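A.B. asks: The lines below spell out each chain.
Number of protein chains: 2
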Amino acid sequence: MTFAQRTSTLKPDEIREMIKITSQPGFINFAGGLPAAELFPGKELIEASRIAIEKYGPTALQYHSTDGYIPLREKIKARMAKIGVDVPIDEILITSGSQQGISLGGEVFIDEHVSGDRDIVLTESPTYSGCFNALKTYLPEFIGIPTDDEGIIPEGLEAELKKYGSRVKLMYVIPDYQNPSGRAWSTERRKAFIKLIAKYQVPVLEDAPYRELSFRGEPNKPLKAIDESGMVIHLGSFSKVLAPGFRIAYIIAKKDILNKFTWASQGAFLQSSTAGEVIIDQYLEHNDLDAHVEIIRKTYKERAELAVKMMESEFPDNVQFCRPDGGMFTWVTLPEGCNSRDLLKLALDTKVAFVVGDNFFPKADVFNCFRINFASMKPELIEEGMKRLGKAIKDYLKK
Amino acid sequence: MTFAQRTSTLKPDEIREMIKITSQPGFINFAGGLPAAELFPGKELIEASRIAIEKYGPTALQYHSTDGYIPLREKIKARMAKIGVDVPIDEILITSGSQQGISLGGEVFIDEHVSGDRDIVLTESPTYSGCFNALKTYLPEFIGIPTDDEGIIPEGLEAELKKYGSRVKLMYVIPDYQNPSGRAWSTERRKAFIKLIAKYQVPVLEDAPYRELSFRGEPNKPLKAIDESGMVIHLGSFSKVLAPGFRIAYIIAKKDILNKFTWASQGAFLQSSTAGEVIIDQYLEHNDLDAHVEIIRKTYKERAELAVKMMESEFPDNVQFCRPDGGMFTWVTLPEGCNSRDLLKLALDTKVAFVVGDNFFPKADVFNCFRINFASMKPELIEEGMKRLGKAIKDYLKK
Chain F
0 MTFAQRTSTL KPDEIREMIK ITSQPGFINF AGGLPAAELF PGKELIEASR
50 IAIEKYGPTA LQYHSTDGYI PLREKIKARM AKIGVDVPID EILITSGSQQ
100 GISLGGEVFI DEHVSGDRDI VLTESPTYSG CFNALKTYLP EFIGIPTDDE
150 GIIPEGLEAE LKKYGSRVKL MYVIPDYQNP SGRAWSTERR KAFIKLIAKY
200 QVPVLEDAPY RELSFRGEPN KPLKAIDESG MVIHLGSFSK VLAPGFRIAY
250 IIAKKDILNK FTWASQGAFL QSSTAGEVII DQYLEHNDLD AHVEIIRKTY
300 KERAELAVKM MESEFPDNVQ FCRPDGGMFT WVTLPEGCNS RDLLKLALDT
350 KVAFVVGDNF FPKADVFNCF RINFASMKPE LIEEGMKRLG KAIKDYLKK
Chain E
0 MTFAQRTSTL KPDEIREMIK ITSQPGFINF AGGLPAAELF PGKELIEASR
50 IAIEKYGPTA LQYHSTDGYI PLREKIKARM AKIGVDVPID EILITSGSQQ
100 GISLGGEVFI DEHVSGDRDI VLTESPTYSG CFNALKTYLP EFIGIPTDDE
150 GIIPEGLEAE LKKYGSRVKL MYVIPDYQNP SGRAWSTERR KAFIKLIAKY
200 QVPVLEDAPY RELSFRGEPN KPLKAIDESG MVIHLGSFSK VLAPGFRIAY
250 IIAKKDILNK FTWASQGAFL QSSTAGEVII DQYLEHNDLD AHVEIIRKTY
300 KERAELAVKM MESEFPDNVQ FCRPDGGMFT WVTLPEGCNS RDLLKLALDT
350 KVAFVVGDNF FPKADVFNCF RINFASMKPE LIEEGMKRLG KAIKDYLKK
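From first to last, the protein sequence lines stand for chains F and E.
Its first residue numbered 0, the first sequence is counted upward by one per residue in numbering that gives the first Met the number 0.
Its first residue numbered 0, the second sequence is counted upward by one per residue in numbering that gives the first Met the number 0.
Bound-form chain F, shown alone (with noise of 0.2 Å):
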């Protein structure tokens, strides 16, 4: 028996099995990117379920086409329209997960190639370490291109595209309050960004799970609302703004690319949960998930304002971090030369996770930063928390 040799680099997802250490009592977890659980409209979930099955049963338990549930693909298409992007239906397709999302663009754009020149995907350096784990699939090379507090550097972004030419098959981007850095696009950025986009004519996967989430007024709107070149594929999500259990996203794309994720889809996993779809659309149907929203962005907000709060005392002044607008996470950079692994065994001593930087970037080598997820926990756990993050980076320093 032999394993494919792709496989030779899959290994457990540290953010993922870090929520079984962190499952221990007494722990204060800013590790995983897991929402605040207690938002959760449980009662309104449980009376959308049971309307789900009583009155629409036979279709909600049953299976359906690839594409997913007409009626929550018409919800999502009349919330898009509101946001600048106004898609007939047949270019939605619900799937599990965005996650299951970036792992399809793999397939439908990235060739594998075991010598020679591999495919090359562009990110934010750096980005969500989860697309590295659904994309290596396809062993692509990843090139970072570097980012700022504005977002992602258009020059930057130029240099590689001019370099690399028709190598980029497909680039992957979070333009709002970004997993892991907490920062979000300029309206400036944007344009730059499509423009470049449009001219070296490359497909992006744009991951928007957090755009809902800002704390300032409206939030930007998407890449794929300015978008002409239909280069932008758009990931959507129900897990930040509702509840990740249901494992309910979507994709919009032009038609003609949109028909590879379906037909992939088929092949991957036949359907998305049509119990999920039926009761998130029954959810929409009696709720104003808008009004929901407003409650995370009001949570989250203060949660931001605590961290950054607490930061501001309890690090050295020579720790910098971001100060979000949005989303659930801030961005910790210790000085030059630190290594946040060796910081991460001293805050887990004290019963404090984090996620180690280094995760985030397509070399994984930048060393000195780390993720905090602040979205998930209470204030008293944020107070406490920072004490003894702050502690333990004082300690590390020290030594």
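Everything labelled a hint here was simulated from the structure, so no lab data went into it.
A portion of the hints provided could be inaccurate.
Said to hold, decoys possible - Reference excerpt, derived from the structure (chain F facing chain E, CB under 7 Å, subset only):
(1) 4
(2) 33
(3) 99
The structure presented is a predicted model; accordingly, all values stated were derived computationally and were not measured.
Idealized CB from N, CA, C, for every residue including glycine.
Knowing the structure of chain F, use the given hints to seat chain E on it.
C.D. replies: Just chain E, lined up with the frame of chain F:
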């Protein structure tokens, strides 16, 4: 923009596309792989959903680790132990339907070779067409092993194992009430098969969604129960014994193999639906699944017997068909030289549908067969549908 080479073979799946055609009013649909929706235990599942969210909401609606919800895996462990598969829960991984399990099998075992000898996947001939859709992503060559009424033919299998040696990376089989043929492997063939795969060390995906749907007492034990080589990777599912709408299935394999599936799952889709898992767990906690399976068995048996009776009376004598002992399908063989694709046109004109047989052959080179799903049609529709189909066959044979 260029698509990956593998997408050139992607096309809409004929069977799943048929769902669109046959949803017209008045259609009698023997196509599709749908179980009988009227048997879904709606009331019990509403109650299970209520308990799942009310009592376990923060868990049921949240992410969990990739391997799946522990209480559900414990219940699967207990069920499997009763049929001779006694494994620890860390040898059980929850997947989004068994289609995902097959797809992961490709990722774990098949290397893509765009030139030179391709990796080989062995299947029964015929076999479930979705296995081709799932695995062709990794560009293997499919070799079909001849089968008869007793199941796979061991001599035919050994000939190919000898011929192709280490190029054979994976085998895919459905030993129980196979899709599409309706046939089950005899005990003797199972033993001979297990000897061969142990001798040649070939990993085997045992897809067993129909195993429990026996019409004549207890079904055979799974191959996994008699396998001592560790080569058998068992795919079980709740889709046919409870409902497919949750997309909850499971893989059982030796830890070193299962680890690869788990890590591949992290990249491909993170995890299955927590909500679906907790709902099914609560269904199992408060209901007797075996008693429910008994209802399905009884209903499908009646439908199978009626289908057989009608085929005996309505089909010409030179048309052969399977008399299934379980499952959802029967398989019809027209005289040599016929093409069921031409018959389908006549059948669709009279609003009755089946699935053309060439879909189920690795080389799509057998044209005189087709598949009938009797399980999802009520008796009066089976009667009427078989009459229409009998007439269509007679008209076709006259041409």
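A.B. asks: Which numbered hints does this structure break?
C.D. replies: none
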